[in-house]
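In my numbering, the protein residues as written are 13 to 394.
Careful: at least some of the hints might be erroneous.
Said to hold, decoys possible - With a cut-off of at most 20 Å between alpha-carbon atoms, the simulated PhoX-like pairs for lysine-lysine come out as follows:
#1 K220 - K326
#2 K280 - K41
#3 K356 - K58
#4 K110 - K41
#5 K326 - K356
#6 K58 - K47
#7 K58 - K286
#8 K326 - K58
#9 K17 - K108
#10 K326 - K55
To be verified - Beta-carbon label-pair distances, calculated as ranges:
#11 K108 - G330: 30 to 40 Å
#12 N348 - R288: 43 to 53 Å
#13 K108 - D250: 50 to 60 Å
#14 K236 - K47: 45 to 55 Å
Worth flagging that the hints you see were computed from the coordinates, not collected in a lab. Glycine residues also receive a C-beta, built at the ideal position from the N, C-alpha and C atoms.
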Amino acid sequence: MTENKDPLRLLEECLVRTLLPPDALRQYKQGNIAKEYLLPYAKCIKELSSNYLSPINPETSRSLSPQEAAAYAMYYTIINFWKLRLLLLDLPAIYKKKQLEVLDFGCGPGTGILSAQSVLNPKCSYIGIDYSFSMIEVAKKIQVHSPWSTERVEFLNGSAVPERKFNIIFAANVISELGAGKSFELIEVLHESLARQGILILLEPGSKEITRNLMLLRDVLLSKFPDLLPQFPCTHTDPCPMLAKSDRDWCHGTIRWQIPPLVRQLDKLTEFNKHRTKFSAFVFVKDGAMRQGYRILADSRKINPGNSFPICGKDAFGELIVSKRNNANTRHIARNLQQYDLIKIHGAPLEGLILAPEASLEREVFGESRLTEQELKHTKCS
């Protein structure tokens, strides 16, 4: 049984078992893996990162060598798995219980599928699609050793989406590799492939340029597809107020975590630091219901005379202040709010950005509220 074990360690063991010699798995379980096994991968990881930061070539993923695909999988699978897992854990509970059809478009080493397998009903079915033949081959090998159910998984090389409906569609680190026109064309196809009440998850790196482009795409999608409603982070369908207000800000998150052993070792060899990893994401539902309330955009901070935190919601965007005039429970909630939590305001309408003395707060914790105690020690969103 795997449900009570740390999913990060389970996945790292899977990657070591798949991509390294048998002796490396013994070393991993006892401590550090020998550098001789990891150095070739570290070199490839640095080159892949350097290429990614250069001007994007949409064809690059097709030409990855088997070694490059394996190196990418060794390092980035864990990092992106954790981001996608948090987004899945934040979905309504009904999605975790049903037998769903899941598409991972631009699947790479199958990261979206792995994250879904760790959260969803074990009877769900999965299809992963990627341009890169090498990535598809790595994804297949990883699935052989996946710690979760692998009975209903298929991988396809190319870009054609099967003519069927899916309940969840991932497009992770795909939009940033396409221009604006091609991004919209892709979303048109994925939108058509979504079942009613289906979930579309867009995930990208958290850099300013990439995130602001994703924010612009969000506005376009909501204007073109009235049946798409935001689930995360937005709780409204209005044009993005952050884009309208500033050309300097971007709606991104940071995950701070206890770095798992394999990523920590590769960080040392590459001189990277994934202690904090940024991301940008938008989650939509087709013919479904929008989340209610206000999204917290950054951790609460102490001010005189209380706490403040940036919120975004219908008819409200900016720094909300909770003062000593509010009741003790409301002040306690305000002190502990973290990025991407949801709040609802009761007792008085929100007028301006100072909470009325008679108002109270209701908090829904992002992602973490659905993690096990063992997982909680690994992660904090801020």
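### Query
Quick one, are K110 and K41 close enough, alpha carbons at most 20 Å?
violated, 35 Å
### Task
With a cut-off of 20 Å on the C-alpha distance, tell me whether K17 and K108 pass.
holds, 18 Å
#### Entry: Proposed proximity, K55 with K326 (alpha carbon, max 20 Å)
Answer violated: K326 to K55 is near 47 Å, above 20 Å.
### Query
Regarding the pair K58 and K47, is the alpha-carbon distance no greater than 20 Å?
Given that 20 Å is the threshold and the Cα spacing comes to 16 Å, the pair holds.
### Query
Within 20 Å, alpha carbon to alpha carbon, are K326 and K356?
holds, 12 Å
### Task
Please work out if K356 and K58 have their alpha carbons no farther apart than 20 Å.
Violated, at roughly 44 Å.
### Task
For the pair supplied as a hint, K326 and K58, confirm whether the alpha-carbon distance does not exceed 20 Å.
violated, 43 Å
### Query
When you take the CB atoms of K108 and G330, is the distance between them in 30 to 40 Å?
holds, 34 Å
### Range hint 43 to 53 Å (beta carbons of N348 and R288) holds or violated
violated, 20 Å
#### Entry: Restraint status (C-alpha distance of K220 to K326 at most 20 Å)
Since the Cα atoms of K220 and K326 sit roughly 24 Å apart, the hinted pair is violated (cutoff 20 Å).
### Task
Just tell me: holds or violated, for the beta carbon distance of K236 and K47 against 45 to 55 Å?
holds, 51 Å
### Pair hint outcome, K58 versus K286 [Cα-Cα no greater than 20 Å]
holds, 14 Å
Of the numbered hints stated above, those contradicted by the structure are hints 1, 3, 4, 8, 10, 12, 13, listed in ascending order.
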